[in-house]
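Keeping their order, the protein sequence lines are chains A and B.
According to my numbering, the first sequence is numbered sequentially starting from 1.
According to my numbering, the second sequence is numbered sequentially starting from 1001.
These are calculated hints, taken from the structure and not from any lab test.
A couple of the hints might just be wrong.
Here are some chain B residues pointing at chain A (derived, C-beta under 8 Å) [what the hints assert, rightly or not]:
#, residue
1, His1056
2, Phe1069
3, Asp1089
4, Asp1129
5, Glu1138
Pairs of lysine-lysine, DSSO-like flavour, derived with a Cα cap of 27 Å [as the list claims (entries may be wrong)]:
#, chain 1, residue 1, chain 2, residue 2
6, B, Lys1148, A, Lys239
7, B, Lys1098, A, Lys121
8, A, Lys193, A, Lys212
9, B, Lys1148, B, Lys1022
10, B, Lys1143, A, Lys261
11, A, Lys310, B, Lys1116
12, A, Lys193, B, Lys1019
13, A, Lys310, B, Lys1115
14, B, Lys1115, A, Lys107
15, A, Lys121, B, Lys1019
From chain A, some residues computed to sit far from chain B (all C-beta separations above 10 Å) [claimed, not checked]:
#, residue
16, Leu24
17, Glu37
18, Lys132
19, Gly137
20, Ser156
21, Lys261
22, Glu288
23, Phe299
24, Ala349
25, Glu387
26, Phe389
Backbone N, C-alpha and C fix where the C-beta goes; we use that ideal spot for every residue, glycine too.
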Amino acid sequence: MEKKRNGILIFSEYSRGAGIKKALESSREDILFELRESNLRGRGGAGFPTATKWTLVAAASADQKYVICNADEGEPGTFKDRVLLMEYPELVFDGMVIAGYTIGATKGIVYLRGEYEYMLKFLEDYLEQMRKDNLLGNNILGKEGFNFDITIRLGSGAYVCGEETALIESLEGHRGEARNRPPYPVNTGFLGKPTVVNNVETLASVPHIVTKGGNWFRKYGTDKSTGSKLFSVSGDCEKPGVYELPWGTKISELLELVGAKNTKAVQVGGASGICIPKSQFDRTLAYEDAATGGSIIIFNESRNMLHILKNFMEFFVEESCGQCTPCRIGNVKLLEGIEMIEKGNYTFAYINNLKELGRTMQVASKCGLGQSSPNAFLSILENFKEEIFNGNGGQNGK
Amino acid sequence: MLVLERNTLTEEIEKLVTKYGKERSSLLPILQDIQRKYKHIPDFAQQEIARLLDIHPVEVYSVISFYSFLSTEPKGRYIVRLCKTISCDMQGKSAVAKAIQRELGINFGETTKDKKFTLEYTNCLGMCDQGPAMIVNERVYTKLTPEKAIQILNELK
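Extracted from the complex, chain A is given alone in its bound form:
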């Protein structure tokens, strides 16, 4: 295992089980209150308030409820969940147990992406140790009637399963295709029961909030984006890796921190995110500005933006689940457009039509995949048009 890190929130001091102990001494309302105070929002990218999600499930009446940890981290450029699961499993699992206590669930499921199968043994052993220490199982830490256990389920290589309803479909033994919403998983989730689906990082924030309070958490970040964020930094820089920074950090500050030189563009939010050019490096990383699930990919002056865009679009063509037309056909058309530009065989009228198609996909696609896949297309064509449309097929970079 790698050396423990230092950070302001997630990477701060924490001892295993402390959050569970504190939670069990409090009432469910108290935990929800602290969570509301913290203003924690989902770290997967969508940013839905966690307290609202938990409150809805807690209020639902059902014989069975579920806590699902979404560890299907598949966004290009993201690897924060890998670090959390391998180095801080206590935060993730304690967060799940606290969620189970708060909403009244007895079962937790970790949906671990198939690519992370190598972690399985380590995580299973860790859960076994938690059972031995009475942090999982029946009457946890002596709390009469509170039973909760966690199982791990593996994905099988499908990016779309990171979308919460597709993930639930996959867990139920179906193709990972997004469901119509409503109903939402908070009412009709896994096997039709009320279900909390949270990102790994969201759950990892919970034990800290429970032990140190919502106010402490809210001290960091901005008004609308409280707390800290884990950023997975890769691409052209000296020190790639996972960084914990407060929300509201400027892109230029992050670039300095990671030793990025001659940076031309930064892809914020991975393939489904937006590409930010040099002129906008004073923008901040926050839900209200450049929102991200954590992926930061840095491109220096030597990179060909059209090549990068093509890589992203190939990704979406492969990963679209295919059930809705805007996404299934739209991504293919956008990729064709890129290939035409590459060959220098295009008209601006056609490219403008494709941009229109991209905007249609953003509103007409069924789930987040198709709604966000045109982001890179639109932002790269807009921000790097001189480079791309210079008459030689966008080949002035390497």
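We have chain A; now place chain B onto it with these hints.
For chain B alone, kept in the frame of chain A given last:
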């Protein structure tokens, strides 16, 4: 397929159904175990799984065809998946890809004649800070160079 093999497979699937439960939600774990062992999910296994879980065989096939780690066609003993996402691409994926193709004598999407290696591309392995990266079965290898990748494959040979 010999009758004897069929019986063994049926018994094996029955055991898996007992282990994971007869519910539809057990489908993926059962398929994953069969895939891991046989490097694909044979037609007969699909039918047996469908029968034992009481779902239509077409449903089983449709699930298999959806997930990139499940297949109906036999794969090699070692499935080599090289990450082609942008961070790995920028760190030199192409040179590694060419070297592996040369050394194994196959293209991406193909299996060697001795059924030892299948070569595939994969999307983001979550190793963007240590690329280029590949997984062989479930083991991950990072910071590959053409030389290092070939050395890893030779050790498996």
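Check: Of the numbered hints stated previously, which ones are contradicted by the structure, given in increasing order?
Finding: 1, 7, 8, 9, 11, 13, 14, 20, 23
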